[in-house]
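> With the hints as a guide, dock the two chains, each given alone in a separate frame, to form the complex.
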Amino acid sequence: MIIYMSENIYQQTVKSKSIARKTNIRIVLKGFMDMMPLNLAVIPWGILCGSLAIQRDFSVLEALLMPLIVFAGSAQLVATELIGGNAPLATILFTTFIISSRHFLYGLSLRDKMKVLPNKWRYPLGFLLTDELFALSTHTRAFNGKVRLLYALASGGSFYLCWLMWNIIGIFAGSYLPDLTSLGLDFAIAVTFIALVIPSIKNIPILVTVVVAGLCSVVFKLLAWELDLVFSALLGMLAGYYVLRFQQKVKRVIKENIT
Amino acid sequence: MTLITIILMALITFLTRYLFIHPKIPLRLNVKMVSFLSFSAPAVLTAIWVPIIFIREGELALSIANPYLIAATVAVILAAKKANIYLILLASGGLFAFLKMGVFI
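Here the protein sequences come in this chain order: A and B. Take the first sequence: its letters are residues 230 to 488, numbered as in my numbering. Take the second sequence: its letters are residues 15 to 119, numbered as in my numbering.
Chain B on its own, in the form it takes in the complex (with noise of 0.2 Å):
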């Protein structure tokens, strides 16, 4: 049973990436809706980062006691100045383990 559950999955997760990249499927965008899907990726994006950072346990965490959130806002400012992605993921990473740490102890 449980193996053609994920059979059955695997078609969904499928379907949904490659439905609209199919040839055959009648759909022609106008240049409104190129420019208007131009920004899925930054708002795709966006929108599974923050509520991690932001919402611990279904509760909204706007306190300096969230690792989350500190630890983010360094990644945040590291990435605006254009920082290497392998120095804020070292630099962030290791402030989040630090804090958490702190947080057991």
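Isolated chain A (complex conformation) (with noise of 0.2 Å):
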């Protein structure tokens, strides 16, 4: 009898470990597959990256270097050509702090949910994060409980991945490849985050958020801010809070006056 038991329970805690791996399998497809789009927006700009690297004289390791331990899309490219023209070393820091410091948003955005997460993962969570792993955290429960997390490490691990693929090869086909820099391969990107962004359009002050940030990037960009990108974001959520705020008073005037 007490064998015939343990067997039985020997069995379900086998079958529940290869349920338990099964999902996992799952969330860490469904992590890849949701990344995909944008896993695939980057190859142009990825290529770019790691052939520029090689045209303005870095070594192999140098190129590689960048993807794997930089990791960055913007930066990366800006500070490839500041190396190559030889840019004084405060100069690249400097710049680099700068286009890298929305991420400062994301961490700060991000906080409250990676609360109850173990401390050793916010490390590869934080160098992960990216504008693309960003773009994928805004459900409200995200990074909370194991699928959750396991999906974050998937999708933004396949970007990092995919990332230091593009690059490679850039690096190796780059000087095989007609110049790259006047195809347009910045409308890829912009046309995913297109298509991230407005479906997520769902009341009005998101849609002011949007509308707000996309007219300071312009007057910003044109007047070429440095913080330009940092500071039409900050507008633009000001703008979203407000409203919201407004449309919360509104609705207490309007309940107050009923009761």
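To be clear, the hints were calculated from the coordinates, so they are not data collected in a lab. Using N, Cα and C, we set each Cβ at its ideal position, and we do this for glycine too. Just so you know, not all the hints are guaranteed correct.
Label pairs and their in silico Cβ distance ranges [what the hints assert, rightly or not]: (1) 22(B) / 477(A): 40 to 48 Å; (2) 47(B) / 255(A): 32 to 40 Å; (3) 83(B) / 246(A): 28 to 36 Å; (4) 478(A) / 114(B): 42 to 50 Å; (5) 263(A) / 43(B): 25 to 33 Å; (6) 347(A) / 21(B): 24 to 32 Å; (7) 460(A) / 100(B): 30 to 38 Å; (8) 405(A) / 39(B): 31 to 39 Å; (9) 345(A) / 46(B): 18 to 26 Å.
As structure tokens, then:
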């Protein structure tokens, strides 16, 4: 009897383990598939980064380290040009900091969502926290629980591997390719972000955020401000926030008048 | 020298991403701040894509001859109708390539 029971329990645990493994595989696949359009959209961009590094006389090791440890899109590209042009170290680092400063906003927004995470997971997630992973982290319960953590690691990790792969193609094939800078490669990035942002406009405050951030980004860019991206985003967020508060206030007043 | 520059750059990009998710940073976000930050995704992503479409070579390009503008308009319409992301990429990307080639011819 005891043997039978323990066998039964054993079979059950084996069964639940295999179910858990199947769920894990499904989650990893889902993360990978959700990131796929973004992985594909950065193919030209990644190839450009890799080939530009070689054209600017980087060694293969240096060109590889850029996507491997710096792991940034525009910062990588701009810094490659600066290093190639023998710019002073302080200029290169300051420019990198400015372009990368939008990530402070991502960290702030995700801080509360990551509150429940064990500390050891914050390092890889922090490293993987690109525009693309942030775009997939808008769910209110993102990063919460094992499943969503696995999802974030899989989607962010797949983006890292793809970015590395596209860079490597650029490093080794860049010299055989035509001049990539004139082909309008940035359009692929713009269109993926359109496809992510437009469907997320579900109410007036978000619409106002998008309109204000968009208008400001054009004006600031034309004025050639260095922090154009961060400031236009902040103004868009402020606008959305105040419209939301105004809406809540109006609702409260109407409610008070009725009762 | 380039190697050291790259390592320092890596430290900077990691720092900007990791700093605020570090648990020991003495920072508690109140309800207002959380609500404000909930707008960060549409705000930042929009501030990235809009200038790509509207500014060409440092100048405002509000003309029908700007392939970015035409193809992006199609993308926005498709996205507003909740079309599949691959369909959006293909349709507007195809149109963009077609317009671009037309310019060269």
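> Take the hints in turn and mark each one as holding or not.
Each hint, compared with the structure:
Evaluation of the 40 to 48 Å hint for residue 22(B) and residue 477(A) yields a pass: the beta carbon distance comes to about 45 Å. Taking the beta carbon of each, residue 47(B) and residue 255(A) are about 35 Å apart, inside 32 to 40 Å as hinted. Between residue 83(B) and residue 246(A) the C-beta distance comes to about 54 Å, which lies outside the given range of 28 to 36 Å. Taking the beta carbon of each, residue 478(A) and residue 114(B) are about 48 Å apart, inside 42 to 50 Å as hinted.
Checking the proposed 25 to 33 Å range against residue 263(A) and residue 43(B) shows it holds: the Cβ atoms sit about 27 Å from each other. Distance hint check: the CB atoms of residue 347(A) and residue 21(B) are about 28 Å apart, consistent with the given range 24 to 32 Å. Take residue 460(A) and residue 100(B): their Cβ atoms lie about 33 Å apart, and the range 30 to 38 Å holds. Distance hint for residue 405(A) and residue 39(B): a CB-CB separation of about 47 Å, inconsistent with the stated range 31 to 39 Å.
Between residue 345(A) and residue 46(B) the beta carbon distance is about 22 Å. The supplied range of 18 to 26 Å therefore holds.
When each numbered hint is compared with the structure, violations occur for hints 3, 8.
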